[in-house]
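**Student:** Residue strings, one per chain:
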Amino acid sequence: MSGTYLGMPAFPPPPPPAFPEAARDAVHDQTLRGNLRHATHTIRAKRARAVAEVSDWAALREAGMRIKDHTLRHLDRYLVQLEESVTAAGGTVHWAVDADEANRIVAGLVKATGETEVVKVKSMATQEIGLNEALEAEGIRAYETDLAELIVQLGRDRPSHILVPAIHRNRGEIRDIFRQEMGEWGRPAPEGLTDTPAELAEAARLHLREKFLRAKVGVSGANFMVAETGTLVVVESEGNGRMCLTLPETLISVVGIEKILPTWQDLEVFLQTLPRSSTAERMNPYTSMWTGTTDEDGPRTFHLVLLDNGRTDTLADEVGRQALRCIRCSACLNVCPVYERAGGHAYGSVYPGPIGAILSPQLRGIASEIDASLPYASSLCGACYEVCPVAIDIPEVLVHLRERVVEGGRTTREGNKVVLRPAKGHAAERAAMRAARWAFTHPGALRTGQRLASRTRRFHPRTLPGPGRAWSGTRDLPPVPAEPFRDWWQRTHDGRDRGE
Amino acid sequence: MRVALFLTCVNDTLYPDTGRAVVKLLTRLGVEVDFPMAQTCCGQAHYNTGYRHEAEPLARHFSDVFGGYAAIVTPSGSCGAMVRELYPRMGERARAEGRGDTLAATLAPVVPKTYELTEFLVDVLGVTDVGAHYPHKVTYHPTCHGLRGLGLGDRPLRLLRAVKGLELVELPGADECCGFGGTFALKNSDVSGAMGADKVRNAEATGAEVLCAADNSCLMHIGTTMARLRTGMRPVHIAEILASTEEEPAV
Numbered sequence: 001m002s003g004t005y006l007g008m009p010a011f012p013p014p015p016p017p018a019f020p021e022a023a024r025d026a027v028h029d030q031t032l033r034g035n036l037r038h039a040t041h042t043i044r045a046k047r048a049r050a051v052a053e054v055s056d057w058a059a060l061r062e063a064g065m066r067i068k069d070h071t072l073r074h075l076d077r078y079l080v081q082l083e084e085s086v087t088a089a090g091g092t093v094h095w096a097v098d099a100d101e102a103n104r105i106v107a108g109l110v111k112a113t114g115e116t117e118v119v120k121v122k123s124m125a126t127q128e129i130g131l132n133e134a135l136e137a138e139g140i141r142a143y144e145t146d147l148a149e150l151i152v153q154l155g156r157d158r159p160s161h162i163l164v165p166a167i168h169r170n171r172g173e174i175r176d177i178f179r180q181e182m183g184e185w186g187r188p189a190p191e192g193l194t195d196t197p198a199e200l201a202e203a204a205r206l207h208l209r210e211k212f213l214r215a216k217v218g219v220s221g222a223n224f225m226v227a228e229t230g231t232l233v234v235v236e237s238e239g240n241g242r243m244c245l246t247l248p249e250t251l252i253s254v255v256g257i258e259k260i261l262p263t264w265q266d267l268e269v270f271l272q273t274l275p276r277s278s279t280a281e282r283m284n285p286y287t288s289m290w291t292g293t294t295d296e297d298g299p300r301t302f303h304l305v306l307l308d309n310g311r312t313d314t315l316a317d318e319v320g321r322q323a324l325r326c327i328r329c330s331a332c333l334n335v336c337p338v339y340e341r342a343g344g345h346a347y348g349s350v351y352p353g354p355i356g357a358i359l360s361p362q363l364r365g366i367a368s369e370i371d372a373s374l375p376y377a378s379s380l381c382g383a384c385y386e387v388c389p390v391a392i393d394i395p396e397v398l399v400h401l402r403e404r405v406v407e408g409g410r411t412t413r414e415g416n417k418v419v420l421r422p423a424k425g426h427a428a429e430r431a432a433m434r435a436a437r438w439a440f441t442h443p444g445a446l447r448t449g450q451r452l453a454s455r456t457r458r459f460h461p462r463t464l465p466g467p468g469r470a471w472s473g474t475r476d477l478p479p480v481p482a483e484p485f486r487d488w489w490q491r492t493h494d495g496r497d498r499g500e
Numbered sequence: 001m002r003v004a005l006f007l008t009c010v011n012d013t014l015y016p017d018t019g020r021a022v023v024k025l026l027t028r029l030g031v032e033v034d035f036p037m038a039q040t041c042c043g044q045a046h047y048n049t050g051y052r053h054e055a056e057p058l059a060r061h062f063s064d065v066f067g068g069y070a071a072i073v074t075p076s077g078s079c080g081a082m083v084r085e086l087y088p089r090m091g092e093r094a095r096a097e098g099r100g101d102t103l104a105a106t107l108a109p110v111v112p113k114t115y116e117l118t119e120f121l122v123d124v125l126g127v128t129d130v131g132a133h134y135p136h137k138v139t140y141h142p143t144c145h146g147l148r149g150l151g152l153g154d155r156p157l158r159l160l161r162a163v164k165g166l167e168l169v170e171l172p173g174a175d176e177c178c179g180f181g182g183t184f185a186l187k188n189s190d191v192s193g194a195m196g197a198d199k200v201r202n203a204e205a206t207g208a209e210v211l212c213a214a215d216n217s218c219l220m221h222i223g224t225t226m227a228r229l230r231t232g233m234r235p236v237h238i239a240e241i242l243a244s245t246e247e248e249p250a251v
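Chains as they are written, first to last, in UniProt numbering: chain A, 1 to 500; chain B, 1 to 251.
Calculated directly from the structure, the hints in this document are not laboratory data. Quick reminder that beta carbons are idealized off the backbone N, C-alpha and C, glycines included. The reader is advised that the hints may include incorrect statements.
To be verified - Restraint ranges, calculated between C-beta atoms of paired labels, are given here:
1) A/Met289 to B/Ala174: 39 to 47 angstroms
2) B/Glu97 to A/Arg413: 53 to 61 angstroms
3) B/Leu125 to A/Gly409: 52 to 60 angstroms
4) B/Asp34 to A/Gly415: 22 to 30 angstroms
5) A/Thr194 to B/Ala174: 36 to 44 angstroms
6) B/Gly207 to A/Thr194: 38 to 46 angstroms
7) A/Leu271 to B/Glu97: 33 to 41 angstroms
8) A/Ala58 to B/Glu209: 51 to 59 angstroms
9) B/Glu204 to A/Pro461: 38 to 46 angstroms
10) A/Arg413 to B/Glu170: 28 to 36 angstroms
11) A/Glu429 to B/Ala205: 56 to 64 angstroms
12) A/Pro461 to B/Glu170: 30 to 38 angstroms
Claimed, not checked - Here chain B is said to cover these stretches of chain A; the calculated rule only asks that three of the stretch's residues, wherever they fall, bring their Cβ under 8 angstroms from a Cβ of chain B:
13) 54-66
14) 267-278
As the list claims (entries may be wrong) - What the simulated footprint calls covered on chain A by chain B, stretch by stretch (three residues with Cβ under 8 angstroms from a Cβ of chain B suffice, anywhere in the stretch; the number is not a length):
15) 221-230
16) 378-390
17) 402-414
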């Protein structure tokens with residue numbers, strides 16, 4: 001077993017490049033394009049069928065949105081209620097304002113058990129905070145047990161999708177990773193492993209089984225937390241989550257504060273919309289629910305780490321806060337034409353795709369190159385909004401965040417009201433937008449420009465040099481007509497120029 | 001009936017044939033068309049790129065120019081969606097910024113009376129057979145803001161199916177974005193170009209001569225991609241097809 005490498009590549013990783021540069025490689029990687037196209041189109045079609053068979057889908061979507069909005073509006077109250085419920089049920093609640101604090105808490109809890117390894121349920125929150133790397137730095141090995149997360153971990157790779165983190169890999173690549181890496185981490189892949197799904201799954205099952213049976217500490221996230229009873233809920237397909245949640249003596253769950261639901265009745269809505277939106281199943285195979293600890297059944301110690309890490313800042317923004325409704329179904333990724341071509345890694349975050357493009361710049365702010373570029377990683381086609389089971393108007397938030405990038409203005413960071421300056425690198429664009437606004441409020445000037453374009457049209461090239469290649473790299477320039485419409489209208493109709 | 005034609009800045013400057021086709025079509029259907037010369041731009045590019053405050057004077061200008069008309073018709077799904085969906089939102093945002101109801105009140109009158117062309121034909125005039133003749137094999141691309149923003153549904157297809165001589169063939173992956181997205185085409189040119197190329201390949205696979213849509217912004221992207229990829233197909237705005245007759249065929 002490798003003594004040094006235990007999770008993602010070098011930590012802290014180098015800052016990711018801006019989205020357009022990161023996407024460029026993916027766009028020209030034909031294998032990746034093929035893998036992504038096949039996978040997203042398959043899930044997309046299945047989801048459409050699973051949703052179409054529910055007669056009250058629109059009502060469920062509306063209910064989901066309202067429940068989430070209500071909960072977020074009264075989050076202070078429900079968080080305190082949840083803490084009381086979890087404590088009364090025998091659990092211990094910890095509050096983490098950011099990633100560092102959450103990692104310190106979890107590492108401290110694992111160390112207190114005297115253990116040096118943990119098994120993990122697939123969890124976005126622990127990836128968001130870089131928990132595996134933080135535990136590694138404390139000499140604790142974290143084993144991912146979700147099949148796709150295992151593929152990512154063994155491949156020294158990064159997840160590229162919320163639900164199917166190894167979506168960028170095909171069966172042949174997965175077989176090669178299993179053959180080469182499993183032995184380094186524990187039980188090696190069986191001799192003569194092929195790329196059939198059944199054999200790959202069996203290899204993973206055998207490899208993981210010994211880890212489940214040995215581990216004394218489990219780490220999870222949660223899909224939902226029910227405030228009235230202090231119950232946590234994990235929804236999954238493979239059963240590995242059930243193993244991690246029930247076999248270890250100690251269970252530590254790291255959950256974002258927006259995952260609360262007030263009551264079990266609220267849960268009913270999401271247990272219908274989440275599986276259909278994510279895996280296109282009517283019902284997911286495993287739904288695990290636990291409330292604190294129970295004598296002689298399951299973990300004897302339960303810790304809940306409630307994670308803020310930018311969520312309260314996001315909640316303070318009246319347009320952007322709808323991103324906190326997200327239930328991480330990933331339906332928006334699967335319909336997104338940009339995600340399909342750019343791949344998940346280009347988003348520079350554990351949250352890729354349309355939801356990532358609005359979550360990351362809010363959770364992390366827009367100071368970095370990648371976060372300032374994410375709001376532009378969309379053609380605003382609206383397919384994401386259409387499929388979102390909690391009706392997050394992603395295009396609306398994208399445009400709102402673009403405004404924050406180019407105009408700056410008031411926002412909230414680390415709980416403080418701050419005034420952002422306009423981002424650098426938009427000066428030419430800003431000048432062009434102002435000039436266009438001036439011309440468009442002076443129709444005479446617009447007309448002069450149009451005539452100039454028409455009269456010089458014989459000299460227009462079909463392509464442009466320099467920055468103009470952003471257009472003409474893949475497209476010709478559109479030909480300019482002999483005269484603009486307004487000149488034709490004036491010649492042929494009443495001729496009166498009432499507007500000027 | 002008298003309506004104002006909001007042609008849009010892109011059509012006025014680059015696609016006057018579309019404007020002439022709208023005038024011809026509506027006149028043939030007994031509608032009196034006016035083109036207010038003071039019209040410019042709805043402000044969509046500004047708004048969607050993050051310059052909402054620069055878009056506000058353009059929206060006010062639009063309201064000044066068109067406020068007096070009973071109906072405003074535009075041959076663009078995205079500009080129509082700008083007025084109908086985003087002008088109310090601009091008013092709300094101004095209110096949220098403590099600037100009162102002035103902007104919302106200024107923009108409110110134009111919102112409900114702005115119609116995308118195919119909506120106006122089917123919903124207001126109540127026609128699907130506009131007496132057109134267009135003997136070509138055509139495939140139709142529903143543009144995103146028309147499809148998901150305005151909810152045009154099958155209105156354009158109903159209009160096309162009633163055109164004599166027209167053979168309509170289904171476009172694979174029709175409801176996927178062509179990759180234009182305004183400034184997206186420049187800011188994320190690699191992804192945009194890849195989306196455009198995929199759209200063009202899907203269109204080519206239909207064997208159609210013409211790819212038709214109800215928005216020249218998207219058609220500009222698709223058409224200039226077709227030119228680059230040297231396909232034999234042409235992009236044509238739906239207005240030019242609907243305006244075409246046996247006596248006066250569109251070229």
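**Student:** The structure should be examined with respect to each hint, and the outcome stated for every one.
**Tutor:** Taking the hints in turn, this is what the structure says about them:
Distance hint for A/Met289 and B/Ala174: a CB-CB separation of about 42 angstroms, consistent with the stated range 39 to 47 angstroms. Distance hint for B/Glu97 and A/Arg413: a CB-CB separation of about 20 angstroms, inconsistent with the stated range 53 to 61 angstroms. For the pair B/Leu125 and A/Gly409, the supplied restraint of 52 to 60 angstroms is violated, since their beta-carbon distance comes to about 45 angstroms. At about 55 angstroms, the beta-carbon gap between B/Asp34 and A/Gly415 misses the expected band of 22 to 30 angstroms.
Distance hint for A/Thr194 and B/Ala174: a CB-CB separation of about 38 angstroms, consistent with the stated range 36 to 44 angstroms. For B/Gly207 paired with A/Thr194, a C-beta distance near 40 angstroms keeps the hint of 38 to 46 angstroms intact. The beta-carbon spacing between A/Leu271 and B/Glu97, approximately 39 angstroms, falls within the hinted interval of 33 to 41 angstroms. At about 39 angstroms, the CB distance of A/Ala58 to B/Glu209 disagrees with the hint of 51 to 59 angstroms.
Take B/Glu204 and A/Pro461: their Cβ atoms lie about 26 angstroms apart, and the range 38 to 46 angstroms is violated. A beta carbon spacing of about 50 angstroms between A/Arg413 and B/Glu170 contradicts the range 28 to 36 angstroms that was offered as a hint. A/Glu429 and B/Ala205 have their C-beta atoms about 37 angstroms apart, which leaves the hinted 56 to 64 angstroms range violated. For A/Pro461 and B/Glu170, the hinted distance range of 30 to 38 angstroms is satisfied, since their beta carbons lie about 37 angstroms from each other.
With 0 residues having a beta carbon nearer than 8 angstroms to a beta carbon of chain B, the segment 54-66 of chain A misses the requirement of three or more and the stated coverage is violated. Taking a C-beta to C-beta cut-off of 8 angstroms, the segment 267-278 of chain A contributes 0 residues in contact with chain B, too few for the three needed, and the coverage statement is violated. Residues of the segment 221-230 of chain A with a Cβ under 8 angstroms from some Cβ of chain B number 0, which does not satisfy the need for three, so the listed coverage is violated. Check result for the segment 378-390 of chain A against chain B: holds, 8 residues qualifying (beta carbon to beta carbon below 8 angstroms, three or more required).
With a threshold of 8 angstroms between beta carbons, the proposed coverage of the segment 402-414 of chain A by chain B holds, since 6 of its residues qualify and at least three are required.
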